[in-house]
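**Q** In case you want the letters, here they are:
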Amino acid sequence: MEKKTIDVSDGAAIPRKKDAGLFSAWRISFAGALIILLCLVVFEPDPYLKILKFLPDGILITFEVTIFAIIFAVLLGLLTGLGRISKNPFINAVASTYVEVVRGIPLLVQLFYIYYALGRFVRLPDMVAAIIAMSLCYGAYMGEVFRAGIESIDKGQMEAARSLGFNRTQTMFYVILPQAWRTILPPVGNEFIALLKDTSLVSILAVADMLRRGREFASETFTYFETYTVIALVYLLITLLLSKMVSILEEKLNYYDQS
Amino acid sequence: MMKRCVWVVLAAILLATPAWARTLVVAQDATWPPMEFMNEQKEIIGFDTDYVRAVAKEAGFDVVFKNVAWDGIFAGLDAGQYDAVCSSVTITDERKKAMDFGIPYFKVRQALVVSKDSTVKTLEELKGKTVGGQIGTTGYFAIKKTEGITAKSYDEIGLAMEDLFSGRIDGVVCDDPTAAQYALQKADYAARLKIAAVLDTGDEYYGIAVKKGNKEVLDLINKGIEAVQAKGIDKELRAKWIGQ
Amino acid sequence: MTSPEPIITIENVNKYFGQLKALSEVSLQVRPGEKVVIIGPSGSGKSTLLRTINRLEEIDSGRIIVDGLDVMDDKNDINRIRMEVGMVFQRFNLFPHKTVLGNLTLAPMKLRKIERAAAEANGRRLLQKVGIEEKAAVYPARLSGGQQQRVAIARALAMNPKIMLFDEPTSALDPEMIGEVLDVMVNLAREGMTMVVVTHEMGFAREVADMVVFMDQGQILETGPPEHFFQDCRHPRARKFLSQIL
Ligand SMILES: Nc1ncnc2c1ncn2[C@@H]1O[C@H](COP(=O)(O)OP(=O)(O)O)[C@@H](O)[C@H]1O
Ligand SMILES: [Mg+2]
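For the record, the sequence lines run as chains A, B and C. Positions 1 to 259 (my numbering) are the ones given, in order, by the first sequence. Positions 1 to 244 (my numbering) are the ones given, in order, by the second sequence. Positions 1 to 246 (my numbering) are the ones given, in order, by the third sequence.
Worth flagging that the hints you see were computed from the coordinates, not collected in a lab. C-beta atoms are modelled at their ideal positions from N, C-alpha and C, and glycine is treated no differently. One or more hints might be untrue.
No farther apart than 20 Å at their CA atoms in a straight line, the calculated lysine to aspartate or glutamate pairs in the EDC-like style are these [to be verified]:
no.	chain 1	residue 1	chain 2	residue 2
1	C	Lys162	A	Glu159
2	B	Lys211	B	Glu40
3	C	Lys21	C	Asp60
4	A	Lys155	C	Asp74
5	C	Lys98	A	Glu100
6	B	Lys116	B	Asp50
7	A	Lys50	B	Glu94
8	B	Lys144	A	Asp57
9	B	Lys211	A	Glu159
10	B	Lys129	A	Asp57
11	C	Lys135	C	Glu120
12	C	Lys98	A	Asp126
13	B	Lys107	B	Asp93
14	B	Lys96	B	Asp78
15	B	Lys97	A	Glu226
16	C	Lys110	C	Glu57
17	B	Lys57	B	Asp219
18	C	Lys135	C	Asp77
19	B	Lys231	B	Asp100
20	C	Lys98	A	Asp154
21	C	Lys110	A	Glu159
22	B	Lys129	A	Asp126
23	C	Lys98	A	Glu250
24	A	Lys244	A	Glu226
25	C	Lys98	A	Asp57
26	A	Lys87	C	Glu120
27	A	Lys87	C	Glu58
28	C	Lys162	C	Asp77
29	A	Lys87	C	Asp183
30	B	Lys212	A	Glu159
31	B	Lys116	B	Asp219
32	A	Lys155	C	Glu57
33	C	Lys135	A	Asp257
34	B	Lys57	B	Glu236
35	B	Lys145	A	Glu251
Here chain A is said to cover these stretches of chain B; the calculated rule only asks that three of the stretch's residues, wherever they fall, bring their Cβ under 8 Å from a Cβ of chain A [stated by the list, open to error]:
no.	stretch
36	61-75
37	130-137
38	152-161
39	211-222
Throw the hints in and build the complete structure from the sequences for me.
**A** So this is what it looks like as structure tokens:
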């Protein structure tokens with residue numbers, strides 16, 4: 001069976017080996033963003049340093065939402081991916097319907113829906129609503145990645161494991177998934193990065209993330225250009241760091257490749 | 001033949017509109033009843049909207065309204081996307097540095113809205129609790145200034161009221177006409193919310209904001225405001241939109 | 001050498017792939033310690049038959065009893081039956097994410113609940129037996145085809161099965177590697193393992209087979225000891241097939 005390729009979504013470019021070197025896009029962007037930010041803060045502390053000092057608790061919230069949403073979205077994605085290839089028609093239908101519904105509704109609408117619309121029935125705290133909405137949305141996307149990753153593993157692997165006496169679940173966890181991770185990680189890494197960027201949408205729920213902190217600062221001081229410059233640079237730096245981490249992780253997972 | 005037609009049409013247009021008439025674009029964030037909000041026909045209505053129309057009539061200019069989200073409304077003014085902002089803008093020292101204001105036209109105070117069963121009488125009593133306001137408003141600044149309260153900023157005051165309604169926050173601070181609108185007028189909110197206090201942050205005055213240094217528009221607007229105030233039109237509008 | 005009770009009994013098995021009849025009224029008995037070689041042209045149903053023995057393929061009718069248990073009966077845990085039936089595939093199917101030794105210890109540790117130390121000791125013993133103990137810590141991608149197939153045999157043996165199934169174990173190998181794999185299989189046969197082998201290696205059949213089965217178009221056309229097959233087989237299609245591969 002030939003390897004299937006997996007669609008890459010709108011994350012950020014994850015640096016590949018071939019891009020390495022002093023003038024890789026990653027290095028240029030990272031160094032550039034860092035230098036610009038430092039220069040602004042050093043040479044123009046008012047307002048840039050003030051802005052930067054105003055952001056930390058917002059950055060923390062952004063990280064919190066990102067990390068929790070990634071954890072739950074991966075778990076949900078795994079379940080969904082397994083559900084989508086399940087032989088049980090009920091489980092299969094549930095997983096497929098979930099993917100269809102979630103993929104058909106914009107994240108922003110999902111955020112509003114879970115927080116404000118359902119807020120009349122279940123009063124979720126803003127962070128919880130934000131994390132649930134992000135996880136639900138990205139769980140569906142990741143479910144598709146997991147499914148494709150699992151299906152990309154040679155059928156012979158399943159047969160070899162089954163012939164030894166592993167049941168389907170054991171085969172999945174001991175044989176298929178450890179291999180599928182390699183195929184899954186690059187697109188999942190892209191989802192991580194897209195998710196991080198999309199957490200900026202939670203500011204709509206009045207969650208005090210980095211973007212909202214910036215907006216509060218700007219609307220009080222009218223330093224729109226300065227504030228959004230800092231916000232953009234900080235997002236860029238975080239995103240680049242995350243994509244670097246993903247590419248290092250990818251390297252690690254390639255340990256058993258042909259020499 | 002064709003050419004003559006064009007000339008005739010042009011002449012007609014020139015004759016129909018007084019030579020000095022110009023059109024000002026005025027931005028409003030239509031989420032602030034009863035001052036400016038959307039009706040079911042998707043038109044912006046409210047005290048401010050009528051007020052600007054009266055000013056325009058007196059000063060002899062045409063006006064077009066533009067609905068703009070609050071937290072970008074002054075950036076747009078600065079970028080020249082519209083000529084003025086008339087959207088319950090409190091005149092503050094901070095804002096005066098960034099833009100010019102016309103003659104003050106409306107007096108408000110900040111009001112604290114809480115749930116009906118709350119016994120709170122001042123903002124200070126909400127220490128340790130979360131209080132919401134619209135981002136970039138004097139109401140929100142008042143919350144942030146109060147020690148020990150978690151300030152939560154919303155894009156629209158209606159979303160803050162909704163969170164107060166569903167019990168996720170403990171109070172909302174906004175201009176008193178708007179507070180009254182939610183706590184007294186809107187049926188479902190009024191059943192659950194009340195105005196607990198008018199804050200002692202003092203009187204505030206609304207002003208029409210223009211881009212810093214835009215004297216031409218400012219003079220035009222001030223001329224209109226003076227006429228409106230002299231004729232008592234503002235009192236009529238107050239009776240129409242606010243009551244008492 | 002033969003005991004009266006067969007360890008594999010296949011009775012009147014029929015199997016369809018959609019319209020295609022892959023197995024037609026197939027019956028076969030294998031006694032403990034017996035070596036059965038299945039030959040036949042490509043597409044004749046050899047793999048399908050082999051795979052029904054450990055239920056990698058379902059059947060439409062008939063009965064398959066392995067070690068006293070009905071393979072198709074859902075009351076019998078098919079995974080327990082499979083633990084007693086080792087299988088070697090044409091394309092090796094080693095687990096690429098595990099080292100050679102890891103391939104050998106995974107199933108014994110997880111399924112037979114054997115301690116790691118014991119599983120590894122047994123794994124090394126088996127690697128020695130198939131002649132590649134020095135590759136224990138290497139990942140399969142670094143091995144030649146012949147080495148991979150010997151690891152695959154060792155992996156199956158690590159579960160200590162009662163029966164070994166081979167589906168064209170040398171067909172995917174370069175000619176110079178076929179010998180090393182056949183040697184391992186011959187040794188295994190000498191130790192008395194019950195083996196069902198699909199292969200075109202007639203030398204192997206002649207050397208170890210107790211019985212050769214000729215299949216064509218989903219049917220068993222002729223069964224007999226190797227001497228019979230190579231000297232006086234009756235069926236014209238079998239004779240034609242043999243003339244092509246010998
Ligand atoms: N999974 C399958 N789906 C459909 N047809 C199959 C499948 N597996 C095998 N067949 C068909 O069944 C027949 C027997 O196949 P197989 O047992 O693999 O033959 P052999 O191993 O003797 O070459 C062939 O015609 C093959 O195309
Ligand atoms: Mg075959």
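**Q** Starting from Lys97 of chain B, check that the Cα of Glu226 of chain A is at most 20 Å away, please.
**A** Satisfied, since the Cα-Cα distance of roughly 17 Å is no more than 20 Å.
**Q** Is the straight-line distance between the alpha-carbon of Lys129 of chain B and that of Asp57 of chain A 20 Å or less?
**A** Between Lys129 of chain B and Asp57 of chain A the Cα gap is close to 18 Å, so the pair holds against 20 Å.
**Q** Below or equal to 20 Å on CA atoms is what counts here, so check Lys98 of chain C against Glu100 of chain A.
**A** Given pair Lys98 of chain C, Glu100 of chain A is violated - Cα atoms ~36 Å apart, limit 20 Å.
**Q** Are the Cα positions of Lys57 of chain B and Asp219 of chain B separated by 20 Å at most?
**A** holds, 14 Å
**Q** Take the C-alpha atoms of Lys244 of chain A and Glu226 of chain A, compute the straight-line distance between them, and say whether it is at most 20 Å.
**A** Cα-Cα ~27 Å, so violated.
**Q** Hey, Lys87 of chain A versus Glu120 of chain C, does the alpha-carbon distance stay inside 20 Å?
**A** Since the Cα atoms of Lys87 of chain A and Glu120 of chain C sit roughly 35 Å apart, the hinted pair is violated (cutoff 20 Å).
**Q** Run the distance test for Lys145 of chain B versus Glu251 of chain A: straight-line Cα separation, threshold 20 Å.
**A** The given pair, whose Cα atoms are some 50 Å apart, is violated under the 20 Å limit.
**Q** Does the structure keep Lys231 of chain B and Asp100 of chain B at a Cα separation of 20 Å or less?
**A** violated, 25 Å
**Q** Quick one, are Lys135 of chain C and Asp257 of chain A close enough, alpha carbons at most 20 Å?
**A** holds, 16 Å
**Q** Within the assertion that chain A covers the stretch 61-75 of chain B, do at least three residues meet a Cβ-to-Cβ distance smaller than 8 Å?
**A** holds (count 5)
**Q** Can you confirm whether the C-alpha distance between Lys107 of chain B and Asp93 of chain B stays at or below 20 Å?
**A** holds, 16 Å
**Q** Regarding the pair Lys57 of chain B and Glu236 of chain B, is the alpha-carbon distance no greater than 20 Å?
**A** This hinted pair holds, its Cα atoms lying about 15 Å apart.
In summary, the structure is inconsistent with hints 2, 4, 5, 6, 9, 12, 16, 18, 19, 24, 25, 26, 29, 30, 31, 35, 39 from the numbered list given earlier, while agreeing with the others.
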